[in-house]
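Chemist: One letter stands for each residue in the lines below.
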Amino acid sequence: MKTWSSSRWKKPAQGALLATTLVLGGCVSVPYADDVRDVRSTLGPRWTPEVPVPALTGEAQRGEDIDAAVKQLLAQPLTADSAVRIALLNNRDLRAAMHELGIATGNLVQASLPPIPELELELSKPGGEHELQLGVGVEYSLSDLLLLPQRRGVALAERASERARTAGEVLSLAYRTRLAFYDVQARRQQLELRNLALRNAQARYATAAELEKVGNLRALDLATERSAVESARLAVAESENGVQDAREALNVLLGVFGAGTQWTVDSLLGDPSDALSKQDGLEARAIESSLDLSTLRGRMEAAELRRKLAATEGFLPDVSGGVSGEREDDRWQMGAHIKVGVPLFDRKRGERISALSSRESLKARYEATATAIRASLRQTRFRVESTASRAKHVRDVLLPATRKALEETVLQYNAMQLGVFDLLRAQDNVTNAASTYVDTLLEHHRARAALEQLLAGRHEGLELAPTRISAAASGSGSAPASDAH
Amino acid sequence: MDRREFMQLGALAGGTLLAGQALAQTSSNLAPVRAEKPRIVAPGGQVAVVTPNGSTLPWKNVRGVKVGHLVAMPVKHTFAPGLEVEAWGYNGSTPGPTIEAVEGDRIRIYVTNRLPEPTTVHWHGLILPNGMDGVSGLNQRPIAPGETFAYEFTLNRAGTYMYHPHYDEMTQMALGMMGMLIVHPKRPRGPRVDRDFALMTHEWKVLPGMRRPDPNAMSDFNVLTFNSKAFPATAPLIIGRGERVRIRFGNLSAMDHHPIHLHGLYFEMTGTDGGFVPESARYPETSVLVPVGSTRVIEFVADEPGDWAMHCHMTHHVMNQMGHEAPVTVGANARTIDQHVQALVPQYMTMGQAGMGGMEEMGMPVPTNSIPMMGGKGPFGSIDMGGMFTVLKVRENPEAEDGSGWFAHPKGTVADKADPAKLAADGIDPDVHFG
Ligand SMILES: [Cu+2]
Chain C
1 MKTWSSSRWK KPAQGALLAT TLVLGGCVSV PYADDVRDVR STLGPRWTPE
51 VPVPALTGEA QRGEDIDAAV KQLLAQPLTA DSAVRIALLN NRDLRAAMHE
101 LGIATGNLVQ ASLPPIPELE LELSKPGGEH ELQLGVGVEY SLSDLLLLPQ
151 RRGVALAERA SERARTAGEV LSLAYRTRLA FYDVQARRQQ LELRNLALRN
201 AQARYATAAE LEKVGNLRAL DLATERSAVE SARLAVAESE NGVQDAREAL
251 NVLLGVFGAG TQWTVDSLLG DPSDALSKQD GLEARAIESS LDLSTLRGRM
301 EAAELRRKLA ATEGFLPDVS GGVSGEREDD RWQMGAHIKV GVPLFDRKRG
351 ERISALSSRE SLKARYEATA TAIRASLRQT RFRVESTASR AKHVRDVLLP
401 ATRKALEETV LQYNAMQLGV FDLLRAQDNV TNAASTYVDT LLEHHRARAA
451 LEQLLAGRHE GLELAPTRIS AAASGSGSAP ASDAH
Chain G
1 MDRREFMQLG ALAGGTLLAG QALAQTSSNL APVRAEKPRI VAPGGQVAVV
51 TPNGSTLPWK NVRGVKVGHL VAMPVKHTFA PGLEVEAWGY NGSTPGPTIE
101 AVEGDRIRIY VTNRLPEPTT VHWHGLILPN GMDGVSGLNQ RPIAPGETFA
151 YEFTLNRAGT YMYHPHYDEM TQMALGMMGM LIVHPKRPRG PRVDRDFALM
201 THEWKVLPGM RRPDPNAMSD FNVLTFNSKA FPATAPLIIG RGERVRIRFG
251 NLSAMDHHPI HLHGLYFEMT GTDGGFVPES ARYPETSVLV PVGSTRVIEF
301 VADEPGDWAM HCHMTHHVMN QMGHEAPVTV GANARTIDQH VQALVPQYMT
351 MGQAGMGGME EMGMPVPTNS IPMMGGKGPF GSIDMGGMFT VLKVRENPEA
401 EDGSGWFAHP KGTVADKADP AKLAADGIDP DVHFG
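If you read the protein sequences in the order shown, they are chains C and G.
One point on numbering: in the working numbering, the residue at position 301 of the first sequence is 301, and numbering is uninterrupted.
One point on numbering: in the working numbering, the residue at position 119 of the second sequence is 119, and numbering is uninterrupted.
Rather than coming from a laboratory, the hints here were simulated on the basis of the structure.
Fair warning: this is a prediction, and the values are worked out from it, not measured in the lab.
Be aware that a few hints might be false.
Residues of chain G clear of chain C, computed beta-carbon distances all greater than 12 Å [what the hints assert, rightly or not]:
#  : residue
1  : E117
2  : R192
3  : D194
4  : A235
5  : P284
6  : E299
7  : V328
8  : R335
9  : P372
10 : D416
11 : D426
Output of the computed footprint for chain C on chain G, the stretches with three or more beta carbons under 8 Å from beta carbons of chain C [what the hints assert, rightly or not]:
#  : stretch
12 : 311-325
13 : 342-353
For each residue, glycine too, the CB sits at the ideal point set by N, CA and C.
Just chain G, with the same shape it has in the complex (with noise of 0.2 Å):
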């Protein structure tokens, strides 16, 4: 079925077109904010890092010390409109806010436990004293609902680190508690960059009409999510032509590795949890695997201007909600059964039978709170893509983005239908048959 045979589906018109609108409305407030000139934050001119949808943890300074607060709780969290769940995270978000500091830095975090149950938190990658790295039952007794817990230590390494429970860690992480720590070096190393950013890889299940993530889940996956939001609700990064930027990957997913794939430009892998990559170990990337329980570090320097696509290759990633039980109809005529399916459940259309693409164009009614087919607006229709996915903007005026904006090509630099003429002068014969 085409989108034209679609419309003459009259019955469904009106569900659909109020759906869309509801959707084009929300996704605007959803537009990241201005690009903001970056601020300093450590010696040397380091950046401070911008967390995509997120937030970074507020300091207290209290005689030397750095002292911060997170509370563990249940939120409520929208994935991308039409999407909200009954999640768990860190002072009202998932991921919780971007905890930042500087090495040598002594911090003191007190975590409230709002929960229903005991939780702790183990500071994944930091070398500390043992009795601060959050095993519940092994380095300490767990936080009960209602109790504040202390943990103080120094930050003795700089490098890209994550925070997350170690109690029930199957229920808290599958439910969305996870966070990125991040320790600037006290003495910069390489290249200053201009901009730095965090990004935690997740993976979900949340079954279409249903409210709450599956902690069970060690398959089907079906919500995928850079710091908690899927595309098209994922903010976009946005850069500045020539600057060099770095990007923090973090994956506390259950079960799924990611391949990170960067469209316009190629990178150095430059650091992971463990610590920094030595220059001579490093080699050009597109693509960087993140493997659960780690971070990886990336930096580039973009040239080419233009909104250029990062995302986890593993396509079903790039998805929203798949199901994957339904028959497969490619090829098939859909006509045929069409004519006998309506004839009993009139609202019923085949699907698929010519691929999957622009299946969110058609609009068709869901289950409340779900979001099998989203895509995005792009200036050239719709981006048949969701889940781990994100839009690299690299512009000669950064400052001046809000991000909700389009790249404009210069004229002649988009693939377009070909002049006949032309292909008459190449010697191309579009009706050419093979086999």
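Bound-form chain C, shown alone (with noise of 0.2 Å):
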């Protein structure tokens, strides 16, 4: 298991940025596509490729080309990639974090600012003949200027830790799309399979009450067929509400209303894979990548400059020195003066203990966020595999044996040593096998955007548990036969 050291997290500090802001340090504008240029860089590397990251555009290029682009993307039958697309132009929380990312660039703007001078201008008029007195002073903090450097290391630092925290914020989102746009197509699915479960026990029904209505089956029978089909209209009900459900946990994402929820999805949930899984060496990725660990080396990182400027602060006296000069008589009388301020009760103890303090509390959680990573990787790689599997056997094995158990079923009915009710139920069985395919295949690409999340450098905010949303399924499937008579 990897430590924290050091030698890791101290990265070259960005320095590009800082030259730009330096530049326009004049004229006050948001950062915002710079932040956002920054941010792209920093997950480039990390983004998995399926993922559009130039979606992701600066305040600059916004307005009616955004608009326009996502009215575009809206317009087709969603993908989870043009959903994820959608969320990166439209989503109004991730342009919050730009600007909060903005926050962190400023302070880094306001701490690379040199310390302003102080001009002091006296007029004085002693009285008498005396002429009126100019005098001119000029001061200027030396200790401040010579902390200035150690200052703007932090603010670099935190702003760095911002960046990452920033950029996880960005996959985070695309992640949290991603299960949103499985979850609609999931329950979409499952509302599909459902009305057909419906479908079968109105046709039990029908029969029910045909056979019932010419004196060849008990009430008892019929009424259990009725209870049946009100079950499953109840299932069909409930999976309606889960598709409108996953639907508006989309829209928040996609970051529509009005007329931009319209959109549709034609696609079905798509077979499983297994090339993630197959590769090595992915916990030692998931360490390399990961975003939670970088926003953290970067405050333990500000944390240890604040340390040092604190002790800094408290060596070093506060020394500020000037100039001055007097017009007296028509002549000018310069001087120069230095002020020292000696550190004698506060040497800054109190400021350097908190960062020493948090530094270490930093460390401790950095060593158990790579531990939580590492445990979270191997989960969710089982459970890739796990669900591949599964699903695979589901699809290969079980679907194509209750197809064949209904086939054999329909030449037992035609050769009357089975009922109409028995059929249907084989049919039955058809649906249910459908509708754990359906289940396994979400929990699938669930975790499998669980382990991409992971790869991509971003664990918080995982959903690894498993998930079964056809729970409703088992009111239409159970009814008692009533073959028998």
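Since each chain sits alone in its own frame, please combine them into the complex, following the hints.
Modeler: Right, here's the structure in full:
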């Protein structure tokens, strides 16, 4: 297991941004576009290939272009990738996160500015024949100037931490959008299957009603079939609700409302794949690319630099100096002075303790996080493999077996060995197997998204628990037989 | 659903046509051989027994002893085209060959066991030395697989008997081990017969799609046979008009007696496995109940030519592979049901709502190795019968018949649609209302 070491987290500072901000120092505007570019370059190597990172655009490019792009994407049936693209373009929480990064950027810019010189003008009229006297003094804090690189270092580390955190937010949005999209797909498919189960129950009931009408079935059997229809109807209603919930959850992530919510999905959940799980060294990759760990590293570095700053401040006398001139009798008298404040009592000990504790706390949290990432990776990877093999088993073995059973039931029905109710129950078994397939596929895609997320560098907010969205299915398939008479 | 509607279900048409062709082809192979002039085998011109769909055990004469050989063995058996099973029998068939001898003959029968378990042979109805009676454990030790035993005794009573295992008989008989044993009297009794047939009735349980009869069955027997054949594979009995005919029935079914009914004639029962029925005790009949573990012999003269049905009168015994778990649909509106079910299972169609006649003609795909709705082709359409059903063909010239043809009815002797003019003349109103 890798542990934190100072050499690992001391990464070269991002100089380019600082240079830019210094040049632009005069006119103030939000650094959105630069922050976005910076986040994009942070994500670059981590970004999984299918996801369109360029979709993340700067404020300068926003406006009608973006709206048109989002509109165009929404007009097509959504895919997981197009949903992510829309979310990156359109999600306001993400925009808020970018502006929050701007706060850290602002702090950095501020911390990079040299101290302001103090100018003192003095006019006096002593009275009598004395003329008006003018005194001019300039004072400059030398210790602030000396501490400037260190303060800038702290701000730089804090911004690096923020940058990693914001990049993590981007990943998180993409991940949650993906999950929400899969959820919509799966619930749509389950709704279809629940409708099929309802039609099956209705067919059983219609048959029972017909048989009862002509005196071939007990009222008990009819009532039993009726109750099965009503449970199946309820299952459909629940399923419809589930689809609506899933759409709304995705709407929030896509940042759409009004007409924008009219999007459609026409693809089915993809087949299981095991491309990712075959690779080795995934744990190391997850640790390497972890933005959660980068964030902590940035905060650790900032704490360390704050500690050093406090130490320097504690020992460095407060030095300021200046020149002054006094005009007296049409002559300038020039002078200079230096002011030294001796830190006899306040040697910034408290700040140093805080900074040191903060650094140690973050270090421990870093190690805990690394452990959690490794565990999550193993868990997720296992789930990817397990769900893939389960889904394949359902697709290649269980489903064909239920279909074969249905075919054979048809033959046995034709041979008058079984009745129409047996036949419909066999058909219902096919529906239920399909339902299991959808559930397993959803779990697989969720696990894959989680694994990709981990490898891209984000482990916070992973949803690793198995999901079952077909719970409502049980209502329709379990009605007692009424073939015997 | 009627046949026209059924044909509109195009998806099914391909498979059913093929099935129909296969059936037509194979059933012709099962046509009986040309009826031969009866062979005389016993004193007084007594004719040889014919075992429809079966054979007779050949004898070797060794110093005055008739020597025969029965091999107990597994056999592949076809009840009717489309239903082949792994059965057990003798000398490659079920039932085994009919053993035919004459009163006073000394016979020696070697029994070789090629079954996976021991067996014995019990000579049902014969009175013989106790050690030859074949009850495993009681009269002899069982014949182990691979062993050959010899049974030897003198046939001192004429009559109609049977043979079957008396070791694990439940299994061995359920799988088809049985045969007829006929002893002609040394001095003929009663009027001489022109034809003498042996028919062993039996019942089996073979679920559609299975290949081995179920020896545990106590009910639900679904294959009912004459000489282990189910209609339409039962060979017809061809006889000449005015000929005196004897039919010997045996029953080694597990649970059921069979009331065998003959059309077109009446008969008298002349014998059982106990012996001959005295003339004074005979009475005319058209059905004879053949109880389990018994033989019944009937004799008659058929005066009316034609194709006459002969069958067990238990209606479920003239069906093939009946199931009885399905709900009754008689009277139901098939359209309502079809509309709902076909949306989910396109191959479905409601059956039986207008009765079950003509089911076989629909030719629906059924499980492999099954004959659930088989019927036979008749001159006027399908004969929707199966199981214990065969035809008595009474002909002017029986030797010219091969059994595959149908009786040519003299003009005006077949029931047909009534002439409206005749209806009116006779004062019959077909639209009359009752109740
Ligand atoms: Cu019967």
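Chemist: If you look at each residue in the stretch 311-325 of chain G, do at least three have a Cβ nearer than 8 Å to any Cβ of chain C?
Modeler: holds (count 4)
Chemist: Can we trust that G:V328 is non-interface, i.e. its beta-carbon lies farther than 12 Å from all of chain C?
Modeler: 4 Å, violated
Chemist: Please settle this one: G:A235 was flagged as non-interface, so is its CB more than 12 Å from every CB on chain C?
Modeler: Correct as stated: the minimum Cβ-Cβ distance to chain C is 26 Å, above 12 Å.
Chemist: For the stretch 342-353 of chain G, do at least 3 residues have a Cβ located nearer than 8 Å to some Cβ of chain C?
Modeler: holds (count 8)
Chemist: Minimum Cβ separation between G:E299 and chain C greater than 12 Å?
Modeler: The assertion about G:E299 holds, with a minimum of 39 Å to chain C.
Chemist: Could you let me know if the closest chain C CB is still more than 12 Å away from the CB of G:D416?
Modeler: Its Cβ never comes within 12 Å of chain C, the nearest being 31 Å, so this holds.
Chemist: Could you check that no beta carbon of chain C comes within 12 Å of the beta carbon of G:P372?
Modeler: G:P372 is in fact no farther than 12 Å from some Cβ atom of chain C, at 4 Å.
Chemist: Over 12 Å to the closest beta carbon of chain C is the bar; see if G:E117 clears it.
Modeler: Non-interface label on G:E117 holds, nearest chain C Cβ at 30 Å vs cutoff 12 Å.
Chemist: Taking C-beta pairs only, is G:R335 more than 12 Å away from all of chain C?
Modeler: 9 Å, violated
Chemist: Once the closest CB in chain C is found, is it more than 12 Å from G:R192?
Modeler: Correct as stated: the minimum Cβ-Cβ distance to chain C is 47 Å, above 12 Å.
Chemist: G:P284: least C-beta distance to chain C exceeds 12 Å?
Modeler: 38 Å, holds
Chemist: Taking the closest pair, is the beta carbon of G:D194 still more than 12 Å from chain C?
Modeler: 42 Å, holds
In this structure, the hints that do not hold are numbers 7, 8, 9, in rising order.
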